[in-house]
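Protein sequence lines correspond, in order, to chains P and Z. Counting in my numbering, the first sequence runs from 4 upward without gaps. Counting in my numbering, the second sequence runs from 4 upward without gaps.
A couple of the hints might just be wrong.
Note that the list lumps identical chains together, so a pair holds whenever it fits in one copy or between two copies.
The list that follows gives simulated cross-link-like pairs (lysine-lysine, DSBU-like), each with its CA atoms no further than 35 Å apart [unchecked claim]:
| # | residue 1 | residue 2 |
| --- | --- | --- |
| 1 | K141 | K112 |
| 2 | K51 | K112 |
| 3 | K97 | K197 |
| 4 | K103 | K204 |
| 5 | K137 | K7 |
| 6 | K137 | K176 |
Calculated from the structure, these hints are not laboratory results.
There are 2 protein chains.
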Amino acid sequence: MLVKSSIEDFSRILGSSSPAPGGGSVAALSGALGADLVSMVCSLSIGKEDYEPFHNELAEVLADAQTLSKGLLERIDLDAKAFNGVMAAFKMAKETEEEKLSRKEAIQKGFKEAVLSPLGIARECLDVLKLSEKLLGKSNSNALSDLGVASQQAYAGLEGAVMNVKINIPSIKDEVFNTEISSEITNIIEDGRKIKDGIYKYVYENIG
Amino acid sequence: MLVKSSIEDFSRILGSSSPAPGGGSVAALSGALGADLVSMVCSLSIGKEDYEPFHNELAEVLADAQTLSKGLLERIDLDAKAFNGVMAAFKMAKETEEEKLSRKEAIQKGFKEAVLSPLGIARECLDVLKLSEKLLGKSNSNALSDLGVASQQAYAGLEGAVMNVKINIPSIKDEVFNTEISSEITNIIEDGRKIKDGIYKYVYENIG
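Okay, chain P solo, but in the shape it has when bound (with noise of 0.2 Å):
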């Protein structure tokens, strides 16, 4: 499991020439690290006097953020096996019109876990979005930098998740499915972005 694996090791494998894991496993640790960082931010401000009007609201952040958190983290091997499942409907065997028709099916079928997968990343980025910005001006000021920091890596893996879906939707034959995915992955983005730039507003008007 690559989650098992070292930074050190798991950043050799990504720059290495297989192509798994990838862009989509990478937005997944974004995500997770997103999530980590507002974790971190809620435990700096649980217990403090000043932040002591919100505790409720932060515990329950803190929790929403440990199970997305865990969640991503679990995608990141997800992400690459969506990919590979990919790899391996090529390789099926094309002799019988029965063996082009399976693997036909097996390569559409792999397509759609290939875009399902990294929009899973990208809901749950834009959660880790919505609850970074929950915690503006209810959490710790000196951790303000952390909770820029944690909302600029739930952006990117939005992005780069969204990224994802879109290049694999082209060869995807099914245009009831792909009219969906499009129309949503636009409002994530849309969104994404929305909360993205008001957090980054409220940081910088608020740091240094």
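Once you've looked at the hints, dock chain Z against the given chain P.
Showing chain Z alone in chain P's frame:
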């Protein structure tokens, strides 16, 4: 060393109530992941007929990306150390006038380190962006989303590192130092944003 820990463990340590590692280390990791994806895209292009004319350039970018990845991985630990240096200075004895002076000097030295560390990260993330830009139209088009994610990660690392510079500047009493650093980060952000916008435009126009 943090880079020797598993992704899972790093995620857990990051999310804990300890303020280090924090946003600075994450920015460095983000830049390293960007550099690794640049390496991967180079490796997926070198030796392919379509990209034969760019072979030498691709080999150069690959070597530079590997160097940047190594440097940015080291900065994960260095940034956590820089933060701990400030904390240690604050805990120094302050009974005698001499102790007070030593402590004050150590705090100032610590804060300068806590500014120079993320500044170095921001510079190298900008270098990763410049490498990504060099690959546009000269690398494997199947890996275009990976190139997009590379630039996302490098840019997120750049802006995240800049936020970490900004939060520490007000604690430094050396105005010449502060003016110089502020001017450099303004340039880094401006250059980075321009390159990132160009890459996104290319990726979104040529993807899917």
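Those earlier numbered hints the structure runs against, lowest number first | 3 and 4
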